[in-house]
Amino acid sequence: MLVRINAIALNTFREAIRHRILYLLLIFAVAMISFAQILSLLTVGSEEKIIKDFGLASIDIFGVLTAVFIGIGLVSREIERRTVYTLLAKPLHRFEFILGKFAGLSLTLLVNTAVMAVWFFLVLLLKGMFDWRLLIAVLLLYFQFLLITAMAVLFSCLSTPILASVMTLALYAIGHLLWSLDLLAARLTAGWGKLVCRALYFVLPNLGTFDIKGEVVHGLAIDGTRVLWAAAYLALYGSATLWTACAVFERKELQ
Amino acid sequence: MAARAAVRDPRRRMALCAATGLLLAAVVQGRLEGSRGSNALHPLLYLPSGKYLRVMSLGFEELAADVLYLWSIQYYGNYDIKDRYGYLQHIYGQVITELDPHYLDPYLVGAMIMAVEARQPEMALRLLDKGVENNPDKWIMAFEAGFLCYNDLHDYRRAAYYFKKAIEVPGAHPLVRRLYAEMHNRAGDKRTSLREWSEIYRTSDDPYVRNVAWNHVHDLKVDVDVADLQDMVSRFRDRAGRAPRRLRDLVAGGVAGALPADPEGREYLYDPRTGDVRYRGGLVLGR
Numbered sequence: 001m002l003v004r005i006n007a008i009a010l011n012t013f014r015e016a017i018r019h020r021i022l023y024l025l026l027i028f029a030v031a032m033i034s035f036a037q038i039l040s041l042l043t044v045g046s047e048e049k050i051i052k053d054f055g056l057a058s059i060d061i062f063g064v065l066t067a068v069f070i071g072i073g074l075v076s077r078e079i080e081r082r083t084v085y086t087l088l089a090k091p092l093h094r095f096e097f098i099l100g101k102f103a104g105l106s107l108t109l110l111v112n113t114a115v116m117a118v119w120f121f122l123v124l125l126l127k128g129m130f131d132w133r134l135l136i137a138v139l140l141l142y143f144q145f146l147l148i149t150a151m152a153v154l155f156s157c158l159s160t161p162i163l164a165s166v167m168t169l170a171l172y173a174i175g176h177l178l179w180s181l182d183l184l185a186a187r188l189t190a191g192w193g194k195l196v197c198r199a200l201y202f203v204l205p206n207l208g209t210f211d212i213k214g215e216v217v218h219g220l221a222i223d224g225t226r227v228l229w230a231a232a233y234l235a236l237y238g239s240a241t242l243w244t245a246c247a248v249f250e251r252k253e254l255q
Numbered sequence: 256m257a258a259r260a261a262v263r264d265p266r267r268r269m270a271l272c273a274a275t276g277l278l279l280a281a282v283v284q285g286r287l288e289g290s291r292g293s294n295a296l297h298p299l300l301y302l303p304s305g306k307y308l309r310v311m312s313l314g315f316e317e318l319a320a321d322v323l324y325l326w327s328i329q330y331y332g333n334y335d336i337k338d339r340y341g342y343l344q345h346i347y348g349q350v351i352t353e354l355d356p357h358y359l360d361p362y363l364v365g366a367m368i369m370a371v372e373a374r375q376p377e378m379a380l381r382l383l384d385k386g387v388e389n390n391p392d393k394w395i396m397a398f399e400a401g402f403l404c405y406n407d408l409h410d411y412r413r414a415a416y417y418f419k420k421a422i423e424v425p426g427a428h429p430l431v432r433r434l435y436a437e438m439h440n441r442a443g444d445k446r447t448s449l450r451e452w453s454e455i456y457r458t459s460d461d462p463y464v465r466n467v468a469w470n471h472v473h474d475l476k477v478d479v480d481v482a483d484l485q486d487m488v489s490r491f492r493d494r495a496g497r498a499p500r501r502l503r504d505l506v507a508g509g510v511a512g513a514l515p516a517d518p519e520g521r522e523y524l525y526d527p528r529t530g531d532v533r534y535r536g537g538l539v540l541g542r
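Chains as they are written, first to last, in my numbering: chain A, 1 to 255; chain B, 256 to 542.
Bound-form chain B, shown alone (with noise of 0.2 Å):
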């Protein structure tokens, strides 16, 4: 009866046809949905460069680059669409950042993308660089490009760089410049590294900051000191035509000014047959 009733008002059969109308509207769109694919490409992606959207943005550019992130986010967080990582470069590196050159994450999750998730470090280290110079403040882009080289790409030398750049900003983290020092050694200059921690040592307030450096420099001077002896005897060798007999000799045939003490302030071990030097306890680290 009511349903009998509710057609025969004029008012209501209208209400009635536009609930119907809005209703099919939103099956065909569904249809529509589905016969796209999710494999097809975004609209978005043929975004022109940011260049030009901030013309266009008309002093909401800060706007367009969240709604933009926003949906990248959700756009290389879906799984589903395989192919997604086409216009990677293009959306980060040419339309967010250019909108909003200061919005920090879209550097930061897109590199991550480019990285972990495109298998493209150099592209990542490319948007990353652009972060470092648009945001010469912020010792994040550089610590993040860091810790690419270093833990992507294995690159110690170009992740001390990075390390560097982001030690010279203020108000960097503790940790970053430990990874500066860390890079060193890890390309295989000792001696910078053991300046470094010999630093850390010196300057942190941290006691566990300060145990940290001091194992590094115990190994490090260790190392360092080695190579140094080492050196020293094939040079007393070339010298002499004879390996020399102890450690002293070397002060005393003028190849060593004075000899370095171990990190326990005692001698290194000399085997006058082989011509090895030797530390005599065990190295903190066991590097």
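This is chain A alone, in the form it adopts within the complex (with noise of 0.2 Å):
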């Protein structure tokens, strides 16, 4: 099983490296890395924390797009170019192609966020302004593209390309304002309600939970367990989201 998914993902990989978009989005981020150093400039004081600040949200704003520009055609593609039937034709598993399509896109996203990682920590260096807690934060960012990945995919077996794409990036909204839901059941009485406001902000995916940039950037003190925590909530989350992908892909009718 693990060859067929190896083989699956490499496969995704070798396209996903090929792809125009890709190469477009690690540009953008590498020239706004490169921008915030000239925007500094413009600033009185805080010039190292609008350098880091731009160069955490780079990574965040293209690897997320990245995770959904690629992710959501890994599966309609294949299904629109008719590729998926010679593969299924083999001796080879749904779940399998959906498990390898995920890891081929990882691993994308693991280069391009590490070459968008080296250039920022070789700014920082030059400047003398490097902090080692930075990589927990690039670490976790990584962590929340690979649940934006599962979503895309999960996206991508159910819908069109367009229509995964605004659920994805929907769902990329509805992550980051989930405290808000957590202060609204705060704010009402007991009742259902309350009751639907504290299911949904525990069963929709809290992207907050990898968001440590504002702690990393101001110095604050980052719990020990954190990385660990987000790690579980990434494994339980993203596979609970990619079997949901993988049972969707399972009935879905190919003609």
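It should be emphasised that the hints constitute simulated quantities derived from the structure, not laboratory data.
For every residue, glycine included, the Cβ atom is placed at its ideal position computed from N, Cα and C.
Each statement offered as a hint is correct.
Reference listing, derived: stretches of chain A covered by chain B, where coverage requires no fewer than 3 residues with Cβ under 8 Å from a Cβ of chain B:
no., segment
1, 174–182
2, 208–222
Quick list of simulated restraints, FRET-style, between CB atoms:
no., chain 1, residue 1, chain 2, residue 2, range
3, A, 132, B, 446, 48 to 54 Å
4, B, 280, A, 235, 47 to 53 Å
5, B, 345, A, 132, 34 to 40 Å
6, B, 287, A, 127, 35 to 41 Å
7, B, 280, A, 31, 21 to 27 Å
Here are the computed lysine-lysine pairs in the DSBU-like style, where the Cα-Cα straight-line distance is at most 30 Å:
no., chain 1, residue 1, chain 2, residue 2
8, B, 393, B, 419
9, B, 385, B, 419
10, A, 194, B, 306
11, B, 393, A, 127
12, B, 419, B, 476
Assembly of the complex is requested from the two constituent chains, each provided in isolation within its own frame, with the hints serving as guidance.
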């Protein structure tokens, strides 16, 4: 099974690195990280904060865009090009196909994030502003990309690329707004409304779990177990999303 | 010839049209900027509160705060805009610092613009109060508030209140303690000032600081001792119906337990005719 997943993953990776959008996003990210240096000249103080904020935000934004725009076409493009029939005619389970696709994009994102991070750290090292805790922030951002990739794969199985991208981006927005749902639940008196708010708070993906940009940039304390909890959340929520995608793809009628 | 060839080629013609369109758009934009005038209010001034912007920023609150702070520096630094201080409280107090409560520069720079440029020190203090509340581990916020009260408002008691807050934060600059001690002196509380300067003298390892502290301790001790002795003379007069002939009479008359010596270990001078107590040396700081 692992050999088959591995083969699909490597093929997906090869396909993804030929994608023009990947390079376009990468160039934009590198340009934005570099641009932060020029922007920091306009400020009074806080040069370091601005460079770090822009760098981490660039990695975040362009990583998410890569996950969404490549992720949404992973399954639908194979169906559209009819290459999926050739693949599934071989001794390959449908779930292996989905897991392989996910693994391939995860590898692409790893390379993508590493390139952005190396450039970012290089800029910081040259300016003498490097902080090891930034590595943790980037690692958690990568975890977030993996969860978004899982969601993109699920929507790619369910719908057309355009609709899948809209739904994935909507879930990304919701994932960063969940704290407001928690606030709303706290304001409501006990009842159905509060119960629904609490249920949604735990059911929807909480992407705030992977966001420690502010803490790292401001040098605030970070809980030592934060990365472990985030990894556990990713493993559980991500696998639940992927198994749902597998189940959807198993039932999908391919004509 | 080359120009004619370029016009005949359809692709070049299209590129030429696009370039012309862009150029004209830039000219129109320039005219728009000109017609708007430098006194027109910037649209960013109408931003909603940072509480709502936090929701809209989708996890990029710090980046949004950076962008708005950068804009505010350019906007408030533009002396061509005459009435640019109308929304200071909103931009710094309710937008930028709500988006990123741990971002120190907007508090410090915002307070400086409010106090120095807009002449609104109370507004600046409100912003710094918020900074102290959101960043209790940063002494600089309370220090800036204290310095504003000292330098601009000449409200030394309030300055002492803020400097005390600053020195309670671990890692506060030693200068804050000196300012705290001095504020009590300026507020007329020489005893507390003497106690604080004595403590600085006792605990500092820096010879320069010890020298400065000693000068303050010297003069304050003289002031406090003279005031105490003068008070004892008055009490003696009330009790005995006459002024003491010499200072030792204060001890004999039960008004004082012991007489304070001056910083050099000598007795203070006393004039029985006027009842005045004086220091026989000169003050170091000459205040």
